[in-house]
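Read top to bottom, the protein sequences are chains A, B and C. Heads up, the first sequence is in our numbering, so the first residue is 1 and it goes up one at a time. Heads up, the second sequence is in our numbering, so the first residue is 1 and it goes up one at a time. Heads up, the third sequence is in our numbering, so the first residue is 1 and it goes up one at a time.
One thing to keep in mind: the hints can contain errors.
Repeated chains share a single entry, so a pair holds when one copy, or any two copies, can fit it.
Mimicking DSSO-like on lysine-lysine, the simulated pairs with C-alpha atoms at most 27 Å apart in a straight line are [stated by the list, open to error]:
no. : residue 1 : residue 2
1   : 356       : 101
2   : 356       : 280
3   : 359       : 101
4   : 191       : 359
5   : 280       : 191
6   : 101       : 280
7   : 191       : 356
Please keep in mind that the hints were generated in silico from the structure rather than gathered at the bench.
Here are the chains, one letter per residue:
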Amino acid sequence: MIIDPLDRPLPGASLHPTLTGDAYTDPEVFRAEQASIFETMWNCVLRADALPSPGHWRTVQVGREEIIVVRSRSAGIRAYYNVCAHRGMRVCTGYEGVSRKLQCGYHAWTYTLEGDLAAAPNLTSMPDVDREDYGLRPVHVREWLGYVWVSLADEPPNFDQEVLGEVRTRFGEVESIDNYGIDRLRVAESKTYDVGANWKLIIENFMECYHCATIHPELTEVIPEFADGLASQRAGGAVHGSGFGQDVAGFTVDGSESGLSELPSIAPDQERRYYAITVKPQVFINTVPDHVIVHRMTPISPERTVVECDWLFAAEVVDRVESGELDVARSVELFHRVNLQDFEACELTQPSMSSKAYKGGGALVPSEHHIGEFHEWWRRTLR
Amino acid sequence: MIIDPLDRPLPGASLHPTLTGDAYTDPEVFRAEQASIFETMWNCVLRADALPSPGHWRTVQVGREEIIVVRSRSAGIRAYYNVCAHRGMRVCTGYEGVSRKLQCGYHAWTYTLEGDLAAAPNLTSMPDVDREDYGLRPVHVREWLGYVWVSLADEPPNFDQEVLGEVRTRFGEVESIDNYGIDRLRVAESKTYDVGANWKLIIENFMECYHCATIHPELTEVIPEFADGLASQRAGGAVHGSGFGQDVAGFTVDGSESGLSELPSIAPDQERRYYAITVKPQVFINTVPDHVIVHRMTPISPERTVVECDWLFAAEVVDRVESGELDVARSVELFHRVNLQDFEACELTQPSMSSKAYKGGGALVPSEHHIGEFHEWWRRTLR
Amino acid sequence: MIIDPLDRPLPGASLHPTLTGDAYTDPEVFRAEQASIFETMWNCVLRADALPSPGHWRTVQVGREEIIVVRSRSAGIRAYYNVCAHRGMRVCTGYEGVSRKLQCGYHAWTYTLEGDLAAAPNLTSMPDVDREDYGLRPVHVREWLGYVWVSLADEPPNFDQEVLGEVRTRFGEVESIDNYGIDRLRVAESKTYDVGANWKLIIENFMECYHCATIHPELTEVIPEFADGLASQRAGGAVHGSGFGQDVAGFTVDGSESGLSELPSIAPDQERRYYAITVKPQVFINTVPDHVIVHRMTPISPERTVVECDWLFAAEVVDRVESGELDVARSVELFHRVNLQDFEACELTQPSMSSKAYKGGGALVPSEHHIGEFHEWWRRTLR
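So that you can see chain A by itself, here it is in the shape it has in the complex (with noise of 0.2 Å):
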């Protein structure tokens, strides 16, 4: 749902192809991409605040690798492969635990938090192995909006440009973004989705509106200028948010008030109004003022990608939330109901990506060129 004065119709305009139905159905295209992308790229896997203290870790799923995402004694969030340098058996096994050292437990290899080989059984009696050699192999980790990213390169693209770039590309400033102070906020609700179609058609339905008027009933209600499918902008560049409708009294499933404050530090422009941000490969930020609504997908299978959705509140509406006090379920309701009307539509779409009728691509509709630019990013990313 991006949207910006390019929607707008350009006189004499006409219809610009898509990607080929191939590049949503080829497992060759999906394990190139996999390579290329999702395990070389920064992955947004994991909220910082999962894991409160040393030792604690979580299992998370990074392009076709399993990676452990830790907190570590002396250098904080660490992440490694889960594989054991002796025969390679998951090291951490489940999707969560803590733990004072990392343990295999098929032959006791045992690592530190850190990843380095600090035990196993019989290494005193094999006195020329190097125990820099076996640990465990680490990824790059880098925090920011409270989450944990990786990279699986090397030589990991730079943050600074690939990541806050896209939010450069959208805001304007990263610093716009960083009013809603989303690294302080709390996960008041999460939801995953398995959604039977390729990540591509994901993004693609995120990066539009067109579609809004016919399959997102509350929304609209919610956003009336979605409903033309088009952003009726201020004259001029300068990019903004989507204005709630004159009679909507707050970002929920009916419109009525959401009975929370607004974040403290958002500026006056950022007040009844719902920016949306893709942060490619894998990552939707949605903030409207009194919540942030974070999507990260994992794709499994050309046809398959599992996403997972945070709804974001300010730590003190969490804390109500939870005593019982305060109640966020017609907030969450909202964009639940998108992910699932949105989702739909990608699942009858990803079987017509193998027919003979798509074998060429189909059409985009002017309203819908940030899909073109990304077709176009895809392409120089897969080369």
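Chain A is already provided as a structure; the job is to place chains B and C on it using the hints.
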């Protein structure tokens, strides 16, 4: 169960080789069959009276494609790829429906029943878009025997030669099948069988009666000449059906009277006789004096085929069945048992197709010569 | 759990590389293993006493083939591909049965228990058909240790060299295994494990005891020397078994007395000792003084292997178990737990085999040198 004088063993005839096992298991062979056979030839997909008035549609699978079959306002029955010209979503979702236009549920692109782009949001502000370029992609349609037949080829095969030609080979003249008035009959019962076997095993099974004595006790009770696996044909080259047993009163599971009149215009030599024809690549037609049984196959994978079987009776019979006055269960049960018996044999044959012991194929006895001819046709067609 | 003096770390020994990860995941490697190993070498498939008299048959999986094993009238146990020479249907359907002839259920082609074509409908009218050309295709059969072993090779490997040779390597002399009289024992219990791991991970696991301290608490209680992952061998090169703990009364889940006599002809150095041997490619034999445990593996896919495990006791013991006088549950439970513990470790290792972090393989410590030798054998055999 096609039987003709050639079934009689010729003096000195020796066993004839079959196709080799990989023809029934190799995914590349299956892809070639989908492209060159099922997505090229005429497929029988649907009873025409399932679409009683303009706007009634059904979705059907042809080869690897999903096709919309719809009764148009002005042009009879039409068929299209179920792929929106815009971003590809399935235009019709589900199995069947009725609507004045065909509207895609994603961005509301709307097509007439004749397949032209009628409307799309903001289309009027895209002045240079030629609506003719963005219609639904059509496929060729014919009606015969009350069924809709479609071909996905750009240049479809000659219907008279390829479809009627098969009938002519079997019945001598196409007219003799006309006696049954199949286009005026109605479906009293349909059953769908999900068979774990390659489609060619199912055709080959249908093409010989050498197995009848072993697996079809009810059928050989009704048609005793099937018991010897050969046709007790009259002298001369004239092809004719297989006669009912002397004490058999009707083509029912126990040979009892069916309680139905004969179809009005059948010829004397079609009385008390069963005829069967294969219309390659996916239709079997079985006629008896008071009803007709039609099988349609849809190959799903090298090891899986869906078979739909219709039991067709005179319209007045179906009326009386629907009002509860009449029961055709014993008629239906006979061929339903034959189907189950045949498909079990096919499913027990499929796993051997990948055995080293079947690498060079098996053997055909003289009465299976139709299978040899089918193999010749298959080789010719795939080349 | 093969342990010998070489397990002791050599001075200056360094870690040895394993096979690379793709050896455990690549479908092409798996196909080559099926062809060159499982469909060529001798496979242990069945207890011979499961076929008590002529006409008793069982179907078993060998490599990618289904094989009939049948007790013939005149020639002992015979084995054939389960593929009819006519059109290929499975001749024997189901798991086991008894019949005077082997008759295909499709067209009633009928074979003697010795595999010759005995009869087929209309065969007498096909005078030039040579019945010898249309028998069931045989595979080579041997009996040893009371088990039926088959080889699908045209020229099977030398049984003495390839099968007995493995035993000789471990036990010094084949005779020492004869002391257990395994061919006269009977199966009291069988369990089948469907393991989500490559067959080589299961063999490698069986070949070392470095993991025993970590995952086998019950076993190391009974055989304390397993706890250090090395054999506390007597001096000299003589290979021998692993001794029970001082306070251990029997090879049972809690070390209590089994209530069974020792097998009558075991040698003094086989008392209170556990021996284990691998008969490549798919058999493990474990002997203790009062029973024998035999594992047979059947690889299903690169990531899946079925393991069948028999617990064999003296015939009179099994009689008393069947009459309810005696209970061998504590004896069976010990190795059942070991199996579950081992297979869980294998299943937690399998997913890492496709990780970039295991692309170059892992490391073997000195006490895992048998695995290195297995890898050498594997490379040699596949080449």
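Review point. Given a CA cutoff of 27 Å, do residue 101 and residue 280 count as a within-copy pair, a between-copy pair, both, or neither?
Key: neither (34 Å within a copy, 38 Å between copies)
> Can you tell me if residue 280 and residue 191 fall within 27 Å by alpha carbon in one copy, between copies, both or neither?
Replying inline: This pair counts as within: shortest intra-copy Cα distance 21 Å, inter-copy 49 Å.
Review point. Between copies, within a copy, both or neither: which fits residue 356 and residue 101 at Cα up to 27 Å?
Key: between (55 Å within a copy, 23 Å between copies)
Check: Between copies, within a copy, both or neither: which fits residue 191 and residue 356 at Cα up to 27 Å?
Finding: neither (35 Å within a copy, 30 Å between copies)
When Cα atoms must be at most 27 Å apart, do residue 356 and residue 280 count as within-copy, between-copy, both, or neither? The answer is between: 23 Å across copies meets 27 Å, while 29 Å in one copy does not.
Between residue 359 and residue 101, at a C-alpha cutoff of 27 Å, which is it: within one copy, between copies, both, or neither?
For residue 359 and residue 101, only the inter-copy Cα distance (25 Å) is at most 27 Å; the intra-copy one is 53 Å.
*Give the relationship of residue 191 and residue 359 under a CA distance limit of 27 Å: within one copy only, between copies only, both, or neither.*
So residue 191 and residue 359 fail the 27 Å test inside a copy (34 Å) and across (34 Å) alike.
Checked against the numbered hints listed earlier, the structure breaks hints 4, 6, 7; every other hint is satisfied.
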